[in-house]
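J.: Residue strings, one per chain:
4 protein chains.
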Amino acid sequence: MQTVGWIGLGAMGTPMAANLLRAGYRVHVYNRSMEKAAPLIEAGATAAQSPREAAERSDVVVTMVADAAAVERLLVLPDGILSAELNGKTVVNMSTIGPAETRGFAAMVRERGGDFLDAPVSGSVKPAQEGQLIILAGGEADVVERCRPIFDVLGKTTIHFGGAGDGSAAKLVINSLLAMVMQGISEALVMASGLGLDQGKVAALISESAVNAPLFQAKKGMLLQEEFPPAFALKLMTKDLKLAADEAVRRNLPLPVVSTVLNTYLAANANGKGELDLASVYLQLKEMAGMGPAAKED
Amino acid sequence: MQTVGWIGLGAMGTPMAANLLRAGYRVHVYNRSMEKAAPLIEAGATAAQSPREAAERSDVVVTMVADAAAVERLLVLPDGILSAELNGKTVVNMSTIGPAETRGFAAMVRERGGDFLDAPVSGSVKPAQEGQLIILAGGEADVVERCRPIFDVLGKTTIHFGGAGDGSAAKLVINSLLAMVMQGISEALVMASGLGLDQGKVAALISESAVNAPLFQAKKGMLLQEEFPPAFALKLMTKDLKLAADEAVRRNLPLPVVSTVLNTYLAANANGKGELDLASVYLQLKEMAGMGPAAKED
Amino acid sequence: MQTVGWIGLGAMGTPMAANLLRAGYRVHVYNRSMEKAAPLIEAGATAAQSPREAAERSDVVVTMVADAAAVERLLVLPDGILSAELNGKTVVNMSTIGPAETRGFAAMVRERGGDFLDAPVSGSVKPAQEGQLIILAGGEADVVERCRPIFDVLGKTTIHFGGAGDGSAAKLVINSLLAMVMQGISEALVMASGLGLDQGKVAALISESAVNAPLFQAKKGMLLQEEFPPAFALKLMTKDLKLAADEAVRRNLPLPVVSTVLNTYLAANANGKGELDLASVYLQLKEMAGMGPAAKED
Amino acid sequence: MQTVGWIGLGAMGTPMAANLLRAGYRVHVYNRSMEKAAPLIEAGATAAQSPREAAERSDVVVTMVADAAAVERLLVLPDGILSAELNGKTVVNMSTIGPAETRGFAAMVRERGGDFLDAPVSGSVKPAQEGQLIILAGGEADVVERCRPIFDVLGKTTIHFGGAGDGSAAKLVINSLLAMVMQGISEALVMASGLGLDQGKVAALISESAVNAPLFQAKKGMLLQEEFPPAFALKLMTKDLKLAADEAVRRNLPLPVVSTVLNTYLAANANGKGELDLASVYLQLKEMAGMGPAAKED
Numbered sequence: 001m002q003t004v005g006w007i008g009l010g011a012m013g014t015p016m017a018a019n020l021l022r023a024g025y026r027v028h029v030y031n032r033s034m035e036k037a038a039p040l041i042e043a044g045a046t047a048a049q050s051p052r053e054a055a056e057r058s059d060v061v062v063t064m065v066a067d068a069a070a071v072e073r074l075l076v077l078p079d080g081i082l083s084a085e086l087n088g089k090t091v092v093n094m095s096t097i098g099p100a101e102t103r104g105f106a107a108m109v110r111e112r113g114g115d116f117l118d119a120p121v122s123g124s125v126k127p128a129q130e131g132q133l134i135i136l137a138g139g140e141a142d143v144v145e146r147c148r149p150i151f152d153v154l155g156k157t158t159i160h161f162g163g164a165g166d167g168s169a170a171k172l173v174i175n176s177l178l179a180m181v182m183q184g185i186s187e188a189l190v191m192a193s194g195l196g197l198d199q200g201k202v203a204a205l206i207s208e209s210a211v212n213a214p215l216f217q218a219k220k221g222m223l224l225q226e227e228f229p230p231a232f233a234l235k236l237m238t239k240d241l242k243l244a245a246d247e248a249v250r251r252n253l254p255l256p257v258v259s260t261v262l263n264t265y266l267a268a269n270a271n272g273k274g275e276l277d278l279a280s281v282y283l284q285l286k287e288m289a290g291m292g293p294a295a296k297e298d
Numbered sequence: 001m002q003t004v005g006w007i008g009l010g011a012m013g014t015p016m017a018a019n020l021l022r023a024g025y026r027v028h029v030y031n032r033s034m035e036k037a038a039p040l041i042e043a044g045a046t047a048a049q050s051p052r053e054a055a056e057r058s059d060v061v062v063t064m065v066a067d068a069a070a071v072e073r074l075l076v077l078p079d080g081i082l083s084a085e086l087n088g089k090t091v092v093n094m095s096t097i098g099p100a101e102t103r104g105f106a107a108m109v110r111e112r113g114g115d116f117l118d119a120p121v122s123g124s125v126k127p128a129q130e131g132q133l134i135i136l137a138g139g140e141a142d143v144v145e146r147c148r149p150i151f152d153v154l155g156k157t158t159i160h161f162g163g164a165g166d167g168s169a170a171k172l173v174i175n176s177l178l179a180m181v182m183q184g185i186s187e188a189l190v191m192a193s194g195l196g197l198d199q200g201k202v203a204a205l206i207s208e209s210a211v212n213a214p215l216f217q218a219k220k221g222m223l224l225q226e227e228f229p230p231a232f233a234l235k236l237m238t239k240d241l242k243l244a245a246d247e248a249v250r251r252n253l254p255l256p257v258v259s260t261v262l263n264t265y266l267a268a269n270a271n272g273k274g275e276l277d278l279a280s281v282y283l284q285l286k287e288m289a290g291m292g293p294a295a296k297e298d
Numbered sequence: 001m002q003t004v005g006w007i008g009l010g011a012m013g014t015p016m017a018a019n020l021l022r023a024g025y026r027v028h029v030y031n032r033s034m035e036k037a038a039p040l041i042e043a044g045a046t047a048a049q050s051p052r053e054a055a056e057r058s059d060v061v062v063t064m065v066a067d068a069a070a071v072e073r074l075l076v077l078p079d080g081i082l083s084a085e086l087n088g089k090t091v092v093n094m095s096t097i098g099p100a101e102t103r104g105f106a107a108m109v110r111e112r113g114g115d116f117l118d119a120p121v122s123g124s125v126k127p128a129q130e131g132q133l134i135i136l137a138g139g140e141a142d143v144v145e146r147c148r149p150i151f152d153v154l155g156k157t158t159i160h161f162g163g164a165g166d167g168s169a170a171k172l173v174i175n176s177l178l179a180m181v182m183q184g185i186s187e188a189l190v191m192a193s194g195l196g197l198d199q200g201k202v203a204a205l206i207s208e209s210a211v212n213a214p215l216f217q218a219k220k221g222m223l224l225q226e227e228f229p230p231a232f233a234l235k236l237m238t239k240d241l242k243l244a245a246d247e248a249v250r251r252n253l254p255l256p257v258v259s260t261v262l263n264t265y266l267a268a269n270a271n272g273k274g275e276l277d278l279a280s281v282y283l284q285l286k287e288m289a290g291m292g293p294a295a296k297e298d
Numbered sequence: 001m002q003t004v005g006w007i008g009l010g011a012m013g014t015p016m017a018a019n020l021l022r023a024g025y026r027v028h029v030y031n032r033s034m035e036k037a038a039p040l041i042e043a044g045a046t047a048a049q050s051p052r053e054a055a056e057r058s059d060v061v062v063t064m065v066a067d068a069a070a071v072e073r074l075l076v077l078p079d080g081i082l083s084a085e086l087n088g089k090t091v092v093n094m095s096t097i098g099p100a101e102t103r104g105f106a107a108m109v110r111e112r113g114g115d116f117l118d119a120p121v122s123g124s125v126k127p128a129q130e131g132q133l134i135i136l137a138g139g140e141a142d143v144v145e146r147c148r149p150i151f152d153v154l155g156k157t158t159i160h161f162g163g164a165g166d167g168s169a170a171k172l173v174i175n176s177l178l179a180m181v182m183q184g185i186s187e188a189l190v191m192a193s194g195l196g197l198d199q200g201k202v203a204a205l206i207s208e209s210a211v212n213a214p215l216f217q218a219k220k221g222m223l224l225q226e227e228f229p230p231a232f233a234l235k236l237m238t239k240d241l242k243l244a245a246d247e248a249v250r251r252n253l254p255l256p257v258v259s260t261v262l263n264t265y266l267a268a269n270a271n272g273k274g275e276l277d278l279a280s281v282y283l284q285l286k287e288m289a290g291m292g293p294a295a296k297e298d
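First to last, the protein sequences are chains A, B, C and D.
Under my numbering, the first residue of the first sequence carries the number 1, and numbering increases by one thereafter.
Under my numbering, the first residue of the second sequence carries the number 1, and numbering increases by one thereafter.
Under my numbering, the first residue of the third sequence carries the number 1, and numbering increases by one thereafter.
Under my numbering, the first residue of the fourth sequence carries the number 1, and numbering increases by one thereafter.
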């Protein structure tokens, strides 16, 4: 059984590392603010004093942080991962970042003798807790195989897409689709409301229809009650959409709905919905249609 | 058991009427070109010589035709439905038309003493054959109840949305959502292709994800093989989207993705994909991205 | 010199009729609320008691009202224009309505023996006062020629586009372009503001550039001071855009920017900007970018 | 009179450098392929063997090349500008690049003791030849003043927007507006064509209207004849739009028309119009509307 260094103890990272502990792995955890590590240490994890120490003590070191800038810091700071001897070790980035940056980090790790995988995940907090994520892997096939036991603990499926960066690319694709379907559902509900239909009956219709998806079932309650406690914060989806749109433009791909959706998520963010669940894009659309809170008072 | 007049024997109407015959209903069929009626007559239906005759011989007369203009002709022509005595009879329009026109037709039928329902369906040819449609009903509650046995033969669920026109409104909502999700999936695949990912693996990812929907499973094969035999022709979806967009604009509803999607479907139609399945919107997006047939030759 | 019946004394109709009086025309005016006619009557116009009377006393009767429903009422009411003997008379609709409705009204007038022109105008209140409108005419060439002296008083140019409805079509085209350029300018200013540039310097740049247009010079002050007294109310532009989008969809034309712009104008309307000048679409875009009044307070 | 080093002899750079020579400046020219320098050398310029030499021999060294990568190479290559002693010298980048990259280059130049301006230009080949460009300057005010005599030769106006990067930001704003207006005009013409109007008469209408702009007059002939010899190549506008969209997204600005337009330009590029004038976005829109060359043959 490999020893795991786990860096990044946010809403996703913490339950993922906990699952590894539960499966019997030795885990060395590191987080910028170490108080977040307390529950894991209680559950058997060891505290590492730095990213370097997490890397030095482990066979596989995982980064699960906010963005590419955070990953870069973990790699290049004086006591960062790259300052460790990486021969025989694997660095696995599970944060959602762009494919180009991923390839840059892969090259840096390989230059120091280590192996690199990108393995972002599809699924939010609940699947993370239940070990039901989908792992989107990019990198050498044998390195993916070597890490598969770990991935099998964290997720229900691992799909190996290709070389370094391809896991990140797949993540941008699936999250763009999620964002588009979420806005599609929201526009359907705004239309229904504008046409005077009962939202509960429309929800029943969607549930019976060919476009019923787990996403709709997960968000239906939020949409009907117009309460949006964050399972996946809109600001994080906006970050992913920005990466996706940026990558699409770089590849000269016209994607009309992706662009349209990005604009709506940006507007939602700019109008105070960033900390709500991504389903609150529905609120933004309602406000644009004059069905917002101000209108309600009339 | 009520006697049914069935008008409109296209790809949807024929299997629906056949299901009624199979369930033991007496059915009087009428179609502009009566040769289409042959298989149903063989199965026990009676031929009506006109819409009036279909109405006169039946308790419930159903119209299932191409558009509002066709419904109007069936009503107002000299030997049309309105020329029959409609007291005690119910006219049920199951064609997809706009809510405003529906309300107009309802008024015309009621003026002649009849009851009216709009009951468009969600689902294409296969669910029609299997009696697994979703019936979206608008009209008086007691009239819906009276027709429910018929609906139970044709579909798996009947949702009563409200007064006349509300079934049609719900149909526009669900088909708009279908069109949006179909384009969302297509853009995700174009993005994946532009980023160099294997389409089969991306399809596997979508299948495992929160946006997996029966629609994706139904169209996956078409998308991967780029063959689009029509289950639901793109030109018909375009017709529905035009109705939906028209209704949304009339209600002053800004719906960014609905508009964007309508433009793409219009472009797909204008570029020779109208007779293909609606999933061929994927081809239109590929061509816009320079991945079309011309590009293939390079 | 022809005698003119003038129906419709709004912000445009009043100065236009005044110009005809000033040019020596005999003008019979009618308006739903006749108090608006007072200044014109003082200037020499005669009050007509009904649209019929305005038509009966005149060679040319002009309608300049809010929308197609209003034109229709003027024609078909018991004391409407169509109730007059129209042989040898010309009905000229200068209101902005759709081409299809225009063709319907033309047929109705011709059936009663009259000639019909559509002659909507490009230009708002100031050009109306100064007789500097552009007249967009549709109808028979000889009828256009017969009315040209009147048009020469009202405008600086008359363009004869073709048969009945073509003037209306041209009006939708030019107003769509106006709406698109107005939003283009607004997005450029929002972008400039987001990038931290001085708006006055950006306005100077636009003024020097290849996209400087009379529209920008007319609206520059409003945009820089963020005060939008209506020269052309946003709600009226929205009405025209709805007609244009409707006509485009009817003709199966995908027009991505037209659709996008319509959504923004609808949102602006729904968020309280309908009575402001159309340049207030800029405010809507700022609010969507989180630069709205709420943001200012921070 | 300052000595000028001029690097970059493309369609814009060559006539600009020629104007400086004509105005009496000593100019040292450098281009990757020096055969392009021949006409300027004949006109009195001196050939520099490297960017470094161009910088060493001059007070002001101008870069006018394709993109940020090209500017970077000119700076950092072993015989690049940064390898020269830059005390007392000014580096002026007139190429269109992003503001962020501009700020990076400014820092690099200042670190080597030089001054830096960004001074991209608005206007294409003809204004470049005629010294009628608009210069969009970013940098220290006294440095701008020092370079003003040079700018006065190249352009009709210099607008100083602010610190380093602000000239580049202004360039992205004005070119985005140009692209939006160009597509707006194109959609208006597609709409007109779909409504059956004479394009020549519509062009006359636009020319008389509030949206008449020098851009329309410059492109009118191309649009009516559907011939698009490049004055400003569509691929170059696409590059600028990509920079603008990227910057807008980085600043979290939802800009619906900018995004829509970028998608159309990307599609035009992907469909073989990159080398044509940017006005050929009209062709792309016609093809999307099924009015393309294939349709013509029917």
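Please keep in mind that the hints were generated in silico from the structure rather than gathered at the bench.
This one's a predicted model, so the numbers in the text were calculated from it and none came from an experiment.
Every residue gets a Cβ at the ideal spot worked out from N, C-alpha and C, and that includes glycine.
Don't take each hint at face value.
Claimed, not checked - Taking lysine-lysine and the DSS-like style, the derived pairs with C-alpha atoms no more than 25 Å apart in a straight line are:
1. Lys242/B <-> Lys239/C
2. Lys242/B <-> Lys235/C
3. Lys239/A <-> Lys242/D
4. Lys242/A <-> Lys235/D
5. Lys235/D <-> Lys220/C
6. Lys201/A <-> Lys201/B
7. Lys220/C <-> Lys36/C
8. Lys201/A <-> Lys36/B
9. Lys156/D <-> Lys242/C
10. Lys126/A <-> Lys201/B
What the hints assert, rightly or not - Quick look at which bits of chain A chain D covers, simulated, 3 or more residues with Cβ under 8 Å:
11. 251 to 259
12. 263 to 277
J.: Give a verdict on every hint.
T.: Hints, one by one, checked against the model:
no.: 1; hint: Lys242/B <-> Lys239/C; in the structure: holds, 18 Å
no.: 2; hint: Lys242/B <-> Lys235/C; in the structure: holds, 23 Å
no.: 3; hint: Lys239/A <-> Lys242/D; in the structure: holds, 18 Å
no.: 4; hint: Lys242/A <-> Lys235/D; in the structure: holds, 23 Å
no.: 5; hint: Lys235/D <-> Lys220/C; in the structure: violated, 31 Å
no.: 6; hint: Lys201/A <-> Lys201/B; in the structure: violated, 36 Å
no.: 7; hint: Lys220/C <-> Lys36/C; in the structure: violated, 32 Å
no.: 8; hint: Lys201/A <-> Lys36/B; in the structure: violated, 36 Å
no.: 9; hint: Lys156/D <-> Lys242/C; in the structure: violated, 41 Å
no.: 10; hint: Lys126/A <-> Lys201/B; in the structure: holds, 24 Å
no.: 11; hint: 251 to 259; in the structure: holds (count 6)
no.: 12; hint: 263 to 277; in the structure: holds (count 6)
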